[in-house]
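Undergrad: The task is simple: from the sequences and hints, build the whole structure.
The sequence shown begins at 1 in this note's numbering and counts up one residue at a time.
Bear in mind the hints are in silico, worked out from the structure with no lab data behind them.
Note that the Cβ used here is the ideal one computed from N, Cα and C, for glycine as well.
Careful, some of the hints might be misleading.
What follows is a list of derived Cβ distance ranges for each label pair [to be verified]:
id	residue 1	residue 2	range
1	Arg124	Ala411	33 to 43 Å
2	Arg648	Gly289	28 to 38 Å
3	Arg124	Thr50	44 to 54 Å
4	Ala180	Arg124	47 to 57 Å
5	Arg124	Ala286	53 to 63 Å
6	Thr589	Leu425	30 to 40 Å
7	Glu61	Gly289	30 to 40 Å
Subject to a maximum C-alpha distance of 25 Å in a straight line, what follows is the list of computed SDA-like cross-link-like pairs (lysine to any residue) [stated by the list, open to error]:
id	residue 1	residue 2
8	Lys414	Ile463
9	Lys366	Arg513
10	Lys414	Val509
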Amino acid sequence: MDNRLLNEFLAEAEYLIEELYGDVAALRARRGEGRARRALVGRIFRRVHTIKGSASAAGLEATGALAHEFESLLDAVRAGRARVDDEVLAAFDEAVGGVAASLNAVARGERADAPHELVARLRRLSTDARAAPASDESDDEGLLPAEIARALSVHERQRLREAVGEGARAYVVEADFRLATFDEQYRRLSDALGEGGEIVSTQPFVEPGAPERVGFRIVYASDEARDEVLARVAPLGARISEDESSLNARRGDGGDAEEATARQSELTASKVVRVSLEELDDLISAAHGLFADTLGALDLALADPNAGEGRAEIDTRAELETRAARIRRGFSELEERLVALRMVPLRATLARARRAGESVARAAGKPVEFETAGGDVRLDRSLADRVAEPLLHLLRNAVDHGIEDAEVRRAAGKAERGRVRVEALAEDGRVVLRVSDDGRGVDVETVARAASQRGLVAPGARITDEQALRLIFRPGFSTSARATLVSGRGVGLDVVERAVEEAGGEVRVRSERGRGTVFEMRLPTTLALLPAHVVRCGEHLYCVAASHVVEAGHAESADIKLDGARRTLSWQGRALPVVYMRELLGQPTPDADDGDASRVAFVVARARAGRDDEEDEAKRRAAVVVDGWEGQTEVLVRGLGRHAKRWRGVVGATELRDGEVALVIDLPRLLEAFV
1 MDNRLLNEFL
11 AEAEYLIEEL
21 YGDVAALRAR
31 RGEGRARRAL
41 VGRIFRRVHT
51 IKGSASAAGL
61 EATGALAHEF
71 ESLLDAVRAG
81 RARVDDEVLA
91 AFDEAVGGVA
101 ASLNAVARGE
111 RADAPHELVA
121 RLRRLSTDAR
131 AAPASDESDD
141 EGLLPAEIAR
151 ALSVHERQRL
161 REAVGEGARA
171 YVVEADFRLA
181 TFDEQYRRLS
191 DALGEGGEIV
201 STQPFVEPGA
211 PERVGFRIVY
221 ASDEARDEVL
231 ARVAPLGARI
241 SEDESSLNAR
251 RGDGGDAEEA
261 TARQSELTAS
271 KVVRVSLEEL
281 DDLISAAHGL
291 FADTLGALDL
301 ALADPNAGEG
311 RAEIDTRAEL
321 ETRAARIRRG
331 FSELEERLVA
341 LRMVPLRATL
351 ARARRAGESV
361 ARAAGKPVEF
371 ETAGGDVRLD
381 RSLADRVAEP
391 LLHLLRNAVD
401 HGIEDAEVRR
411 AAGKAERGRV
421 RVEALAEDGR
431 VVLRVSDDGR
441 GVDVETVARA
451 ASQRGLVAPG
461 ARITDEQALR
471 LIFRPGFSTS
481 ARATLVSGRG
491 VGLDVVERAV
501 EEAGGEVRVR
511 SERGRGTVFE
521 MRLPTTLALL
531 PAHVVRCGEH
541 LYCVAASHVV
551 EAGHAESADI
561 KLDGARRTLS
571 WQGRALPVVY
581 MRELLGQPTP
591 DADDGDASRV
601 AFVVARARAG
611 RDDEEDEAKR
621 RAAVVVDGWE
631 GQTEVLVRGL
641 GRHAKRWRGV
651 VGATELRDGE
661 VALVIDLPRL
671 LEAFV
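TA: And the structure:
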């Protein structure tokens, strides 16, 4: 299979995997609801069957083999030979994860090996199911006319048995529609039936002497009485077969129209068009270049005092300005939509992480309440794929090592049920993925002692809490000390940090002993449109997010006062600390006696608020002196990828309208050491 077809398969498989995660979670929650359970098992079977066939066609033998065993177990469940119990659900969870891991390996260009233990477990479960005694077909006698009953498949027979066993009645609904209108009429009929019951089988037939019409019988199971079913189907041209035999059994549990929902999901998926990221990048660059060139030409025209004179097509300068505003608005909207095409909402990523945490909590026997937020926050698809595994690791770590056992929590005066929250937040030029828990926290004193014993710090040396927390990211540190650390944190966190840094981001952690821990993965956006202030420092231009700037202005050098060891500038009745941009960037600061510095440009910047003083944000401001303020504009920010970690506080780079490249800086991050 060539790369183009392989990429198309992987894109489709990614969608199917996300749907499978959701389907298995729904099956776990609704396994006691007969109709919903059968619909979900059928839907999972169809998705796995699609993956198996496509993987085999692509030559992905390991993926195909795993999907085959998964399908065999699903087939046993559909046929009633296996029950949807905890063991089977756990196998489903692992099988979806195994298929996803196999496909991720292929996407990275690596060899995908079959997880032999998982394959063996799936095979054992399906083999045990085949050894179970099958239901006798004679059990179906009296449910349906013999001719119709014989036409049912094994799976359809089982679905009918289960439905009737749960109190439903069996009906045969008949109809015949003209070929020209068949699709629409059948859709309306099946939707109506789906609202009140479950379509078990559809059997077509042709009426003698009426070749232009298609007839069919629907084997239907419903809790509704005959008159209620007839009221549903009669207005749509259908009828209930007179030789139908219904069972007056007790009513069973109802359910939603799962089959109709499944069909709608599949129709929606068929409307999705997949575009390669490389082609999309080229399109975005072309649009941005056209935007810059057009506005540049208009700016030149508007700068001409004679603009509008001698031009028949543009009567006045006001008309030119109107057109310029319209073009600016149109290109901005086009850029926003193109950039958005690269992005995917993080809803599926957060849901997958939550499911992983729930699985760990069940295995550990810990009652844990999970919360997710920020599912609508969007991240570049390539970054979302790269940080999915680190996020899962942080969540598993929070449950396995952060949340205490119920007895320990009771003794500490906490609720028995632990809390873990996973959220995504959009910041200027960055996306933050945060995992927080209300568990035991990190005991920094114990971490410091362990570090001293391992020679990582000098004996008796005093280290800050922040330095102690950074030690848990050292390779192997927590693994070797796990039995002595109160928190149990740090297992494999070096892998998390390395993956995030390779994506151009950083990992932060804060913790309070006995109250919990917060991990943050701070990720740059690969492409983003950002309103920004453009400032000059030395010979270079820099961009600062507009949301980080309260005000831009100019002041006399004499207005900068020396207050002890620090400089201040009076602004709105308050003395703001003064920091030179050159100082933040590690460049030589200007001489205070420089005659050319009688007037200075500055921006009043917001320093990032800490956890405990967000309400006092106004006090965390600084006047950042720059060599020049060039104005405000919207820029297209490009991330620096793995190179970002080389420069603290640099979010990305952008090309300005005149072609000059400017770095986009995270000013609050740079100010952390000064304010």
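Undergrad: Hints first: check each against the structure and report whether it holds.
TA: Taking the hints in turn, this is what the structure says about them:
1. One distance hint, 33 to 43 Å for the beta-carbon pair Arg124 and Ala411, holds here, with the actual separation near 41 Å.
2. Between Arg648 and Gly289 the Cβ separation comes to about 31 Å, which falls inside the hinted range of 28 to 38 Å.
3. For Arg124 paired with Thr50, a C-beta distance near 25 Å fails the hint of 44 to 54 Å.
4. Here the CB-CB span from Ala180 to Arg124 is close to 52 Å, well matched to the stated 47 to 57 Å.
5. For the pair Arg124 and Ala286, the beta carbons lie near 56 Å from each other, so the given range of 53 to 63 Å is met.
6. Between Thr589 and Leu425 the beta carbons are some 34 Å apart, a value that agrees with the proposed interval 30 to 40 Å.
7. Checked against the hint of 30 to 40 Å, the pair Glu61 and Gly289 fails, with Cβ atoms roughly 45 Å apart.
8. Among the hinted pairs, Lys414 with Ile463 is inconsistent with the structure: their alpha-carbon atoms are about 30 Å apart, more than 25 Å.
9. For the given pair, Lys366 sits about 20 Å from Arg513 by alpha-carbon distance, which is consistent with the 25 Å threshold.
10. Taken as a hint, the Lys414 and Val509 pair is honoured in the structure, with Cα atoms around 23 Å apart against an allowance of 25 Å.
In summary, the numbered hints that this structure violates are 3, 7, 8.
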